[in-house]
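Please work from the sequences and hints to get the whole structure.
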Amino acid sequence: MFVLKSRAEWIAGIALAVLMAVTRIHHFGIGSVAPDASTGVFFLAGVLLGSPLWIVAFLIEAVILDGIALGFLNVADACMSSGYALLAPAYGALWFAGRALRPQQTIDLAGAVKFAALVCAGTAVFFIVSNLGYFLGSDFYSLGLAEYVTRVSHYFPMYLTVTFFYSAFGIAAFIAARRYGIMEAASAR
Numbered sequence: 015m016f017v018l019k020s021r022a023e024w025i026a027g028i029a030l031a032v033l034m035a036v037t038r039i040h041h042f043g044i045g046s047v048a049p050d051a052s053t054g055v056f057f058l059a060g061v062l063l064g065s066p067l068w069i070v071a072f073l074i075e076a077v078i079l080d081g082i083a084l085g086f087l088n089v090a091d092a093c094m095s096s097g098y099a100l101l102a103p104a105y106g107a108l109w110f111a112g113r114a115l116r117p118q119q120t121i122d123l124a125g126a127v128k129f130a131a132l133v134c135a136g137t138a139v140f141f142i143v144s145n146l147g148y149f150l151g152s153d154f155y156s157l158g159l160a161e162y163v164t165r166v167s168h169y170f171p172m173y174l175t176v177t178f179f180y181s182a183f184g185i186a187a188f189i190a191a192r193r194y195g196i197m198e199a200a201s202a203r
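Numbering-wise, the sequence shown is residues 15 to 203 according to our numbering.
Careful, some of the hints might be misleading.
Claimed, not checked - The calculated SDA-like cross-link candidates involving lysine to any residue, where the alpha carbons are at most 20 Å apart (straight line), are:
(1) Lys128 / Phe110
(2) Lys19 / Arg192
(3) Lys128 / Phe179
(4) Lys128 / Ile189
Claimed, not checked - FRET-style restraints, in silico, Cβ to Cβ:
(5) Ala124 / Ile82: 41 to 49 Å
(6) Ala135 / Gly64: 16 to 24 Å
(7) Val166 / Gly195: 43 to 51 Å
(8) Val163 / Ser96: 17 to 25 Å
(9) Val166 / Arg193: 34 to 42 Å
(10) Ile196 / Ile82: 25 to 33 Å
(11) Ser96 / Gln119: 49 to 57 Å
(12) Ser65 / Tyr98: 20 to 28 Å
(13) Ser96 / Ala160: 19 to 27 Å
(14) Phe170 / Ala48: 28 to 36 Å
These are calculated hints, taken from the structure and not from any lab test.
Quick reminder that beta carbons are idealized off the backbone N, C-alpha and C, glycines included.
Next up, the structure:
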């Protein structure tokens, strides 16, 4: 269901890249209104984009955007540590979760449940791996793991809500674009 023709895949990829760019750096304006869409972008990339090179492109984009935020826009570097490298496998978990939805033929009740379960699972793994990276790469290890988990766990519902919102909106936009002939699905790959 989510396999696109080449041109449609490029359009979806560029749209996702733009979405991440305008929401990841809050100083562009929209970031102060809309939360960072990066988690939703990686999930949707797994669902909609066939080539695994897209995940590499989005990882590079994320690093460049973070570099711009830190280097040119003077965003505080409090979250930067050697654990930043664990963001790649964390985002990879979201991409793989999206990949698991890719063969879904219909979005009926069972498809919606599968979608929700995959968003939850992908976001949970993302949250655990990214926070583990921050814990190991920063001074927070001195708190101990239990105290750190207590301090960061209350952020998970926000991550889940944001990822779910962007992912659901992206799937709905894809279905609408396909229904109105804007985006063509490929027959099979």
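Structure-based check of each hint:
1. Distance check on the hinted pair: Lys128 and Phe110 sit about 14 Å apart at the alpha-carbon level, within 20 Å; holds.
2. With a C-alpha separation of about 11 Å, the suggested pair Lys19 and Arg192 falls inside the 20 Å cut-off, and the hint holds.
3. For the hint pairing Lys128 with Phe179, the CA-to-CA distance comes to about 15 Å; that is within 20 Å, so the pair holds.
4. Note on Lys128 and Ile189: the hinted pairing holds, with a Cα-Cα distance of about 17 Å set against a maximum of 20 Å.
5. In this structure, Ala124 and Ile82 meet the distance hint of 41 to 49 Å, their C-beta atoms being roughly 42 Å apart.
6. Taking 16 to 24 Å as the suggested C-beta distance range, the pair Ala135 and Gly64 conforms, at roughly 22 Å.
7. Look at Val166 against Gly195: about 45 Å separates their beta carbons, and that is inside 43 to 51 Å.
8. Look at Val163 against Ser96: about 20 Å separates their beta carbons, and that is inside 17 to 25 Å.
9. About 41 Å separates the C-beta atoms of Val166 and Arg193, a value consistent with the hinted range of 34 to 42 Å.
10. For Ile196 and Ile82, the hinted distance range of 25 to 33 Å is satisfied, since their beta carbons lie about 31 Å from each other.
11. Between Ser96 and Gln119 the C-beta distance comes to about 43 Å, which lies outside the given range of 49 to 57 Å.
12. Checked against the hint of 20 to 28 Å, the pair Ser65 and Tyr98 passes, with Cβ atoms roughly 25 Å apart.
13. Between Ser96 and Ala160 the beta carbon distance is about 22 Å. The supplied range of 19 to 27 Å therefore holds.
14. Roughly 20 Å separates the CB atoms of Phe170 and Ala48, a value that falls outside the hinted 28 to 36 Å.
Consistency note: the structure conflicts with the earlier hints numbered 11, 14.
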